[in-house]
Each structure stands twice: as C-alpha cells, then as structure tokens.
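J.: Protein chains in written order, with the numbering used here: chain A, 2 to 341; chain B, 2 to 341; chain C, 2 to 341; chain D, 2 to 341.
Take the hints with a grain of salt, since some may be wrong.
One copy or any two copies: either way a pair holds, since identical chains are not told apart in the list.
Cross-link-like lysine-lysine pairs, in silico, BS3-like; alpha carbons within 27 Å at most [claimed, not checked]: (1) K318 with K277; (2) K95 with K277; (3) K131 with K95; (4) K131 with K277.
The hints are simulated quantities; they were obtained by calculation from the structure and are not laboratory data. Small disclaimer: the values here were computed from a predicted structure and weren't measured.
Number of protein chains: 4
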Amino acid sequence: MTLRSWQITNPRGIDGLTLAETEMPAPGAEEVLVRVRANSINYRDLSTILDPEPRGIAYPRVPNSDGAGDVVAIGDSVSRFRVGDRVAGCFFQKWGDGAINAEIMASAMGGAVDGMLSEYVVLNQAALVKVPVHLSYEQAATLPCAALTAWHSLVHVGNISAGDTVLLIGTGGVSIFALQFAVLHGARVIITSSSDEKLERARQLGAWQTINYRDNPGWDDIAVALTNGNGVDHVVETGGAGTLSRSIEAVRIGGSIGLIGVLTGGEINPTPVMRKSLRMQGIYVGSRAMFERMNMAIESASLLPVVDRDFSFDDAKAAYHHMQGASHLGKITISMPSGY
Amino acid sequence: MTLRSWQITNPRGIDGLTLAETEMPAPGAEEVLVRVRANSINYRDLSTILDPEPRGIAYPRVPNSDGAGDVVAIGDSVSRFRVGDRVAGCFFQKWGDGAINAEIMASAMGGAVDGMLSEYVVLNQAALVKVPVHLSYEQAATLPCAALTAWHSLVHVGNISAGDTVLLIGTGGVSIFALQFAVLHGARVIITSSSDEKLERARQLGAWQTINYRDNPGWDDIAVALTNGNGVDHVVETGGAGTLSRSIEAVRIGGSIGLIGVLTGGEINPTPVMRKSLRMQGIYVGSRAMFERMNMAIESASLLPVVDRDFSFDDAKAAYHHMQGASHLGKITISMPSGY
Amino acid sequence: MTLRSWQITNPRGIDGLTLAETEMPAPGAEEVLVRVRANSINYRDLSTILDPEPRGIAYPRVPNSDGAGDVVAIGDSVSRFRVGDRVAGCFFQKWGDGAINAEIMASAMGGAVDGMLSEYVVLNQAALVKVPVHLSYEQAATLPCAALTAWHSLVHVGNISAGDTVLLIGTGGVSIFALQFAVLHGARVIITSSSDEKLERARQLGAWQTINYRDNPGWDDIAVALTNGNGVDHVVETGGAGTLSRSIEAVRIGGSIGLIGVLTGGEINPTPVMRKSLRMQGIYVGSRAMFERMNMAIESASLLPVVDRDFSFDDAKAAYHHMQGASHLGKITISMPSGY
Amino acid sequence: MTLRSWQITNPRGIDGLTLAETEMPAPGAEEVLVRVRANSINYRDLSTILDPEPRGIAYPRVPNSDGAGDVVAIGDSVSRFRVGDRVAGCFFQKWGDGAINAEIMASAMGGAVDGMLSEYVVLNQAALVKVPVHLSYEQAATLPCAALTAWHSLVHVGNISAGDTVLLIGTGGVSIFALQFAVLHGARVIITSSSDEKLERARQLGAWQTINYRDNPGWDDIAVALTNGNGVDHVVETGGAGTLSRSIEAVRIGGSIGLIGVLTGGEINPTPVMRKSLRMQGIYVGSRAMFERMNMAIESASLLPVVDRDFSFDDAKAAYHHMQGASHLGKITISMPSGY
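Next up, chain A with everything else stripped away, as it sits in the complex:
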C-alpha cells in the first residue's frame, strides 16, 4: 500500500514541488499513523520551499508544519490516542512542556523533519494533540503554528488580562489569532493594516481600534494617544525591524513585546528598551502543553479560526502561489479529497 506526499526535491521553488508515491509506513511502539485530512500553510513553509538550501533542508523533504486528520492505527504502548481520534501534529515534535532548547528546535516539522503535506504520516504519540470537537479538519489544521504562536505570546508570556491593551501589527495569520485570543480574554486590540477592508474585517472580529498605517505612518503615536498617553501593554510584533522601532515607541513603560516570525532585515536602536524597562521576548511557536491549553480555550469558546481559502491536495502548488501573490486575511488551507 502506498501514500502520496508533496516533496521538496530541488531548489526550484513552488513549481519544483514533486508529488511522490511511497510505501505506507507502520507505526512503531509509541507511534500513531494519521490519515491527514487538511493542512494549513505559513510564510515559513513558503520560504522553505522557495529557499531550501540556505535553510539546510535535506532532499527529499515533505513541507508544512500544520496538518490535522484521523488516527487510523496505533503502535504498541500508545496510551494517549485511539483509532478514530481527530488530531493535529505539533510544530515541534519534541516540545512537550517547559522551556525550549536546542534539541527541541531540531524537531520542527516541515524543516528539520518531514512535514504534513502527505496523505498519511507516522508521528510519536507525544507529538500530537486532539483537536477541538467543533472544528473542521481545515479549521483544525490552522492551529499548530500561527494560533499557538499567538497564544504563546499573549497568554503564556504576555500573561494577558482583561482590560489590557494589545497592539497587533498587520492582519497575518498570527495577528488574527492574537486578535481572537485577546478579545476572548477581555483585552482591547489596536490593529494595523494598509487595507481598510481588512481593518473592517478586524473590527468585525472584535478589534477595539484600527489604524491604516499607509494613511498614518505615525501609527505608534496614535497607539499612544489611544491609551491616554501611556502606551499599550503588549505588542505581538510580527512585522520586522522596521515596525519594531515603532512598536517600541508604542508600548508603555514596563510593557512587553513578543518578537515573532520571519523578521525582515534591518536594525533597531536598543536604547529605548532599556530606558522604558521593556521586556522583549523571542517567541517560537510553542509546546504541546500550551497547545492543549489553547485547544481547551478554543473549544469552550467555540472560537472559529478564520480561513481565507481552501485548495485541494492535488492543487497544493496553487495554495503557495496564492499566499505569494494575493491579498488575503486568515489562513490558507489544503484539503485532501474526502473519498480517497
């Protein structure tokens, strides 16, 4: 029996992706065989496909960290799952709980190890979580990277409370989840975008204030003014060095900044970090324990991830082209044909 997966086998980018057919693996002790039903994609996945060699990607490599599906077989000693459980994989296959370290960083799916763009995957039972019952596979597939990054930054590190003010930079996948989680905790969100249409959508999702940064390049001053001159409590900084300098201006004395994602180049002046007693914390996805706690929150609030557009597995290349080219808000997903 065989399975099909998309593989990175060369440096030719999206159109160089190869659809391969390989033997169906059997789960070992502690392992689970998952029939993958959907993936979601992140800029990091796109970058990996576009630039595999500078990132040290070995060929062939199955891309994508994010996928959800069904447990279809389990190995000896598997205690956490049963056949039929609906699950998602963990971005870091070895981050159970506690602090990140080098061993954990070397277990990132779709990078250091094979990812989820495959009809079936075998994963260690420690590297899976059950997904919220009210979510479709596509919705569940959006959680492992973007949602968990937002949760880690706001809840685990930012220790967000009701009444806090959060500044979000743009309307990418992490920002939209951060918006939803902040609202869920009773916090107020200020969000920026260059698109009034996206800002309108953010307001529908509960944003307190929106700023079009194209019309208002001094958005940091606006954020300070909106908070009575104090500055915001937290920033989820998904922009880059360019926006970071303004984020540092926008945050209050003693506030915190979560540094996230594929930062564009550039440098910043660190002096205000010292002068304002800021906490700047690098955030790299999160642990399985955070993922499970986040899923409890998503399930008990019946929170729905925002999906921009779904592509079929056979048409996976189109999903990356869409991410590259088209304006979107929310996650781009890839679904397996239901009848395979």
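Position chains B, C and D relative to chain A; hints supplied.
T.: Relative to chain A, chains B, C and D alone:
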C-alpha cells in the same frame, strides 16, 4: 463645618452603632478630601461591628472598608487627583504595589484605621483610585474589597486563562465577582449554592455549571466528573475548613486554591495538598496596582457589579441587619442622601 | 545472560524481599541499558516494601527510585547518551519539563514501574541524566529523589535568593540537601532536630542557627525571634501535620511553605494560611530539567552529598533495617560489588 | 543654621559645579532629616553634570543619586526610622515595590529631583533604607544605583540559581556588583575587560573565566565554547549596542539579557532575539523592596563593596575628573569631613 459618621463606640453590635458629628477635616499635603457618596458592606465589616474587642478595635472607629465618592478638595503636592474626580478608597491604605507585609496589614480601613461610613473622609492620595466611568457610586463602592479579592485570586495569583475551569464556593460577594471575572477571561465556572434560585441567577451571569450542594453533598466528585475526571484548575475558596477539604478533592493535580475570607473554624488534612502538588495561596484583598488594573477591565468590558439592595446612610443599621438575616446575592450598599 | 534484582513479591516487608534472576533485556529504540552501580534509599522506598498492597504495587516489583551507573548499550535513535556515560535515572520516567500531571505521576520508579535495585536496567533515554563528574556512584545515587525534592522546593518554587532565611524541619535526606542548597545560594538556615549531635553536624554543613525541638517545643517562636520578629521566608516542611502548624507560625507574612514527603497523619487549621497570605505548595520530586540544572549547580560547586552508610547489594535488606531502626544523618546507599 | 551642597547651576560641566550654602530644612510629616556622610558616583551622575540641558535638568540641581548617612531628625508620623539609624537614600524616591511606571521614573534623585551631594537632605521615610551594619558610610553609599541595578538584573529578573553561567561586560560598577552577587548565589561568572590587571582582580573576586576582549575580539565565541557550545544563561549587558550584538550571540537558546545603563549609540539586528527565544529586559535601577532584600544578602554574607578611591566633599570635582580620566575598578566615593 461638620460631618456625620457612624462609629463603633462599644461592643453592643449593630444597634450599638453611634451617629457622630465631628469637625470637617482639611486635607494635608498629599491628602485628598472625599465627599463619600456610597458604601458597600462585607462580612468582615459586620464581624467588626459585632465583635470589636477581640479584634483590637479602638473606640471610636468608623467602620467599613468600601466607599466611593467625589474629590472635593486636595492638599499641597497632590498630583494624582483633581477636584471632581470620582474615586474609591483602597482597603489597605498603604499597599501600592508588590508584596504584602506587616506595615500594609496595619493599614486596613474600617479596622486598624477609620473606614468609609462617613459623609466625608480625608485620605492620602496614594490610597485612592479613580472608578470606572460607567458605574454609579453604589456600584463603584462594591469594588474595594470583594471585587479586588476575586481579581487578586483569579488574575494575579491564579493567572487565569481562557479555557480554564474555575470552581466557586457559594454566591457571596467575592464569588459573584469571581464569576464575572472568570467569564470575562473566557474561563468556565462551576458554582455551588444551596439555593436553586441563586444558581439560576449565576447561570444568567454566565456560569457554565451549577451544583446545589444541599441536594449534592458530594459536589467535589461532581466537579471532577464535569472536568472529565481531571478536576478543576482553580478554586476560589470562600467557604471554610469544611468546604476546603472538598475543594482539595475537586482541584486537578497541579491546580491552585485561593484561600479567602473569614474562614469558619475547622481543620483539614494537608496530605492531599502534597500528594496532588497543589498550590494553596492565602489571598487578602489586594494592592492599589491590582485595583487600577481591575478597573481597566471593568471599564473596558462595561461590567456591572451585582447590587442586592441599597440602604440609606441614616438607615445604615438596617443594612447590617439585612446582611445578617436575609438571603441575598450580590453586594449590599449604603447611599448618602443626594441632597446633603 | 541474566541479571539479578531484588523484588517485592509479597506483603511480608523487608525480610520478604526476593533476589530474582531474570533475562538481561536489550534496549529498544530510544532506550539505554544501564549497569547499575549504586542505589540510595528513601522512606518512600521503605514504605513501599512494608506496605505494598495498600499502595497498589503489582508483584513482582523492583523497588527503589534512586540509582546510578554506567551506560553499557544503547538502542536505535538514542542521541542523548553514549556507552560509558555515567548516569542516574529520573524518579518520574515521564517528567521531562514543565508541570506535573497524572501521566507523569503514573511513571514513578520503584512504585508504578520497576525501580533501580537491579544489576541492570533498561530506561528510555528521556528518563536519564548525566551525573556530576566529581561524584562516586554512591554519591550520585543519592540525587534523584531527596536532592531533587529539596532543589524543587527551594530553587524552582521558593525562588531562593541570598539573604533569605530558610527553616528546615529535622535532618532527613531532603533537609540535609536543602541545607546545602540554601547555603550555596547565600541563604541562612535554621534547622531543627532532637539530637544535639545532628545539629552540630548541621552547623558544620553551614546552618546559621539550630534548635533542639525536644528541649524547645516552641521552636516556631524561636524561629520568629531569630528573624527579628518577622518570621522566616521559606519552610521546607518534611515533618507532617504536627510540625506544619508550627511551621505556619514560623513563616513571615507572604512567605512560602513547601509541603513534602510522607506526611504523618493529623490535621491543621488553614486560617493562618489565609490571614498571613502564605503560599503552601505541594512538592513531589521534580522534572528532568530541574535535575539537570541541579547537577550543574552540584558540579560547579563540587558539592558533596552526605552519605550515612553504604551497604552491599547482597545485603540490601540490612540497608532498610538500618533506615528503620538506627539514627542516621544523610543518605543510606547500596552498592554493587565492583567485580561483577 | 545652614548646609552646604554642590549644585549644577550651568552647562559648564565639572568645573562649573557650585558649592552653595542654603537654609537647613526641617523634616515635615513622614519626612526624615539625614546628615549625609558619603556619596558614590555613577556615569549617569557624570553625564548629568556634563550635559544638564539636554536632560532637562532644572537649575540649581544637587547632583548624585547615591548617598548614605545618619538620621538626625524625624517628622511627625515617621514610623520606619529613629534618630541614629544609618541609612541610604533610594535612587527612585517613589518606587516602593512592584512595577516601574512613569510616576516612579519622575522621582529619580540627582536628576528629576535633588540628589545627595549635600551635607544634609530631607527625604520621605518611604524613600530610605537601613544599610548593612558591617559597612562604612562610603561602602554603603555605593549601593543605591550600581548594586541595586546588578541585583535587579540577576536576582529579580534573571532569577539566578547556583550552577548558572553569567556573562559580564567590562568591570564597571554594575559588573563588579553582579560578579559578587553571582558568586554569592553559586553561579559561574565569565567577565570581559581590556585590562589583564582588572581581570586578575575579577578572578580574586571569584570570576570563573576572564576574557581580554582587546586580545580576543571574538569573545562571544569564547563564551559559547566555555559553556560546551550552549551559551551562557544570563548577560548583564552594560556595554552598548556594540557589545549587545555579541552578547546575543553568547547567550544560550532561551537565555536572558539584562539591558542596562547609558548605552552608547548604535543599532542591533533583532532577528537572533526571536530565533533564539531570548528574553531581553530593560533594567532601570530597582525598587526599595529589592534594595531591602539585597541589603539582607549583603549583610548576611558580610559582602564588601569594592571602593576604588575616596575623595573629600570639598574636593568633589576631583572625583568626577577621576571617573572621566583614570582607569579604575570599583566605585568612586566622596566623603564628608568627619568633624563637621
């Protein structure tokens, strides 16, 4: 010019309270003169009136920790307030921020120092906060003790997040605020009472599950069952030694219990605290910094404290009799005549 | 090829222990074969042998959580160890990092799963740590339970700093490690015992003050007096309900108590925990991440565990009889014959 | 009766300092009159004298944040001190405990408000601490800024434990205190300097490893190599943007950097902060609660601050010239004539 205040001048309880007329004080440097517009009362205030001498209360003593009103005059060097600001006093006059200590504990209003059941009070500017704009004086007067205790336990110590499950013991003032704050943070609340009517009210306020402990003396087992056998994440323990033993059974491994309020007598077996790696934390109201953060949350969510019944200043004794005798849910308040 | 191990096979206590000979196991994937060179024993191990059935021990069960030895073979995919590494096992086979939970609690060696009183053991690589280079096998074998419990309580939860005052109850294994760790962090130790000889030994190890609790049953008042009336910052409570009530009196407002070990029966009044805003935290050994951090501290300070007396593997029963009957200070160890 | 103080009255730098004679103030309510016996100076004090106007210094302004002396009179309501107490002032007059904020930042001595380079000062009792009994006035005067900054960074934020490795940048006042505090907590220190003589002195104070950065411009790689390729746990970054980029390379995944002091200009690439999940925390001196806890540590360890050279009050200008020009290790102090 004079002011009127109720005073404890003897050990004769509620009916021994004396309405005294004293000179209007002038605010010194760093001080503020507040025209009090409303009080709320707590069991601790009732106990102080009923049993002043075992508590070391010096006569005469103005009772009540909780009051709200208007700033009507300010002393030299006052920077935090202006005439006209709507304010509430802090339970601990000397707890600005950080950890509690003996000096702070010796600054409790309506106990170690005079309280708020007075037409006017002079307080240090460091011991006041502005109140949420959408609240009446009566509503604002409910915050200093009960609301802040609930906030301290759930937000500051419990570090509550969306998806957490909170167990509340009874429907007293702290429990009802804890219910509102938990819901505001996306958490799920299990609450107990002996009254189905009060439980219905709790459901209207957002409780996820309710347990009538008269009908279900094994409410700890029910709480465990409701959480899939895991136990709850946090307990706000406002009962006493009797309920505490059950609360310890109801909480999950590694969970936390906030110990609050005027515990009734009794003893507990500490072994399960060890065996389940629980955190049990004594909670004693909170700091001004917590109060200000809580007010941001209350204001940005337009949260409304639950007031059971309001009494007039001249009829203050009736408020304590009501607390003593009548079933109630929410806070009992005392208002000044508007035209004085 | 075979190995010998002591097994619990009946409820007849120490003298019912059986020396069994079983097949030498081979390490599977992710597993390591360890030639055990020494064990240490804890009261919990003694209790397990004395009372296996109330504790749900399945027969046959190899006792003892604490052992150290050499890696002699590794399975596939083992990355953390090489043949020849000197290692100790983790008390909880599944507590890598982060918070404790039910799954972790079900992985305790010498209880839920087989322990270390065996010539060879096979363990998952995730459940082992390298031991400090300057320690003998006997010394290294003292670390997994008693030392880690002390570290967890003082460093991980108690967040001990130089200048803090720590109260230790008795001179058992956890207390003596707590003494050494407290001194290592610049803290001051008050320690109690009924033996002046043991108190003298504690002073040699760096104790600041000692109290003979037989001569001074009001040792809580003495501890308060020694700290200028404030009370101590932390208590490592290894006694039981009887000492706990006094420990609660001895700790300062806002201080912390680590609840540890096999508490003797009895009950406590929880009211002072509330009134003094104490933190009481159940401590149950600790995680592998804590163990590794502790080993760094032990190694960089060349700290030497205190060994009371060493017994030979063949004479293992005598070690438990010694624990049961004889006065001792420091850990009791069991060593394998060097030439086997 | 009059007192003498040095004042900044013009932008002419050290030689523009004016020795003024003013009326002796009387302590108001809550205030204490302190006869100052010694000051210490920091680069921040020198910068304030050299560049008062860009810093918004109002004339006349008494410089220096750091001073120690005797309480010689107390106002009404003073409960924390008695005449005869040996005290030091707090850098921030309004930071009692908890988090920093704008109001606290506006209370810095020798900047926003008058400093300690005066024969007598009147301070609020909340802005003073008792000093360790074993210290001279000169030694005690070194604590308020440099020592507290080091303590805040390593103990309060860095949560330093025995076995941790700390990297210190240079041998300025903060670094030398950080060295002493790290050693006191059982941590290992790597320290850099361009002077072998200073590095030798650091070794005498307990440094584990020293690096001459002039001989070894790649000191970050050396620090990584010294920690088996992992990187250090904490950096107390007192250098500036230039050293910060290397410090970021030298710290381990998940490690922390305290950003301190008058950073020289320059920019950094923030990407590695994200990639390595670092915590970068701005540190600005500390609270009175931290100061009191630090003093307990200093006193119980009989730790001695390192004083480079002492100048007399009349010769205060020479102290600043010495800081500006001469190589030194440890604090520069200014003492009052004993017989005045």
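J.: When Cα atoms must be at most 27 Å apart, do K95 and K277 count as within-copy, between-copy, both, or neither?
T.: between (36 Å within a copy, 16 Å between copies)
J.: Evaluate K131 and K95 at a C-alpha cut-off of 27 Å and name the case that applies: within, between, both or neither.
T.: both (17 Å within a copy, 20 Å between copies)
J.: Given identical chains, is K318 near K277, meaning Cα to Cα at most 27 Å, within a copy, between copies, both, or neither?
T.: neither (46 Å within a copy, 31 Å between copies)
J.: As a check of your reading, is K131 near K277 (CA-CA no more than 27 Å) within one copy, between copies, both or neither?
T.: The answer is between: 25 Å across copies meets 27 Å, while 41 Å in one copy does not.
Hint check: a violation occurs at hint 1 only; the rest are consistent with the structure.
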